[in-house]
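Colleague: Sequence:
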Amino acid sequence: MGASILVVEDDPELLEGLSELLESEGHHVRRARHGLEALGFLRAGQRPRLILLDLMMPIMNGWQFRYEQRMDSELAKIPIVVISGKNDLPAHAHWLEADAYVQKPIRPETLLATVERLLA
Numbered sequence: 001m002g003a004s005i006l007v008v009e010d011d012p013e014l015l016e017g018l019s020e021l022l023e024s025e026g027h028h029v030r031r032a033r034h035g036l037e038a039l040g041f042l043r044a045g046q047r048p049r050l051i052l053l054d055l056m057m058p059i060m061n062g063w064q065f066r067y068e069q070r071m072d073s074e075l076a077k078i079p080i081v082v083i084s085g086k087n088d089l090p091a092h093a094h095w096l097e098a099d100a101y102v103q104k105p106i107r108p109e110t111l112l113a114t115v116e117r118l119l120a
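Counting from 1, position 12 in the sequence shown corresponds to residue 12 in our numbering; the numbering is continuous, with no gaps.
To be clear, the hints were calculated from the coordinates, so they are not data collected in a lab.
Since the model is a prediction, treat every value here as computed from it, not as a measurement.
Hints are not guaranteed to be accurate.
Heads up, simulated SDA-like pairs for lysine to any residue below, C-alpha to C-alpha not over 20 Å straight-line [claimed, not checked]:
1. Lys104 to Asp11
2. Lys86 to His34
3. Lys77 to Arg30
4. Lys86 to Lys104
5. Lys77 to Arg43
6. Lys104 to Ala44
7. Lys77 to Arg117
8. Lys104 to Glu116
9. Lys86 to Glu74
10. Lys77 to Pro12
11. Lys104 to Pro12
12. Lys86 to Asn61
13. Lys104 to His34
14. Lys77 to Leu118
15. Lys86 to Asp99
16. Lys86 to Met71
17. Lys77 to Ile59
18. Lys86 to Glu13
19. Lys104 to Ala120
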């Protein structure tokens, strides 16, 4: 049985593609189009084993989401994989205390290897 994963991404095509890729590996995927929607899921009691987090989103971006997540001791325990096309992504991932990062454009094998490593 796969893990529960929350994918937070505002690009509808990428959100769907990432979700389908993870579901094809047996994972249960919850989708959020921005950080505020994701935070709502978490505060309503949903606890995924992993969160894939885009940085550049409307309403609540990835930095704002991560700040709110880290302020809640229970939510802060959920590992984060930052996904972004930013050139300085490693620096942002470090600042956000992310567990991992994956550069856009996303290579499926890289994403799956990262996800499996964090879920092991």
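Colleague: Run the distance test for Lys86 versus Glu13: straight-line Cα separation, threshold 20 Å.
Modeller: holds, 19 Å
Colleague: Need the status of pair Lys86, Asn61: alpha-carbon distance at most 20 Å?
Modeller: The hint holds at about 14 Å.
Colleague: Would the hint linking Lys86 and Lys104 be met if the CA-CA limit is 20 Å?
Modeller: It holds: about 8 Å lies between the C-alpha atoms, which stays within 20 Å.
Colleague: Hey, Lys104 versus His34, does the alpha-carbon distance stay inside 20 Å?
Modeller: holds, 17 Å
Colleague: Decide if the proposed pair is consistent with the structure: Lys77 and Leu118, CA atoms, cutoff 20 Å inclusive.
Modeller: Status holds; Cα separation ~13 Å.
Colleague: Is the Cα-Cα distance between Lys104 and Ala120 20 Å or less?
Modeller: violated, 24 Å
Colleague: Just to be careful, I want the Cα atoms of Lys104 and Asp11 compared with a cutoff of 20 Å; is the pair within it?
Modeller: Between Lys104 and Asp11 the Cα gap is close to 12 Å, so the pair holds against 20 Å.
Colleague: Under the criterion that the straight-line Cα-Cα distance not exceed 20 Å, is the pair Lys86, Asp99 satisfied?
Modeller: The given pair, whose Cα atoms are some 17 Å apart, holds under the 20 Å limit.
Colleague: Are Lys86 and His34 close enough, with their CA atoms no more than 20 Å apart?
Modeller: holds, 17 Å
Colleague: Can you confirm whether the C-alpha distance between Lys86 and Met71 stays at or below 20 Å?
Modeller: violated, 25 Å
Colleague: Does the alpha-carbon distance linking Lys77 and Ile59 stay inside the 20 Å limit?
Modeller: violated, 24 Å
Colleague: Check the hint pairing Lys104 with Ala44 against an upper bound of 20 Å on the C-alpha distance.
Modeller: violated, 30 Å
Hints 6, 9, 10, 16, 17, 19, counting from the list given before, are not met by this structure.
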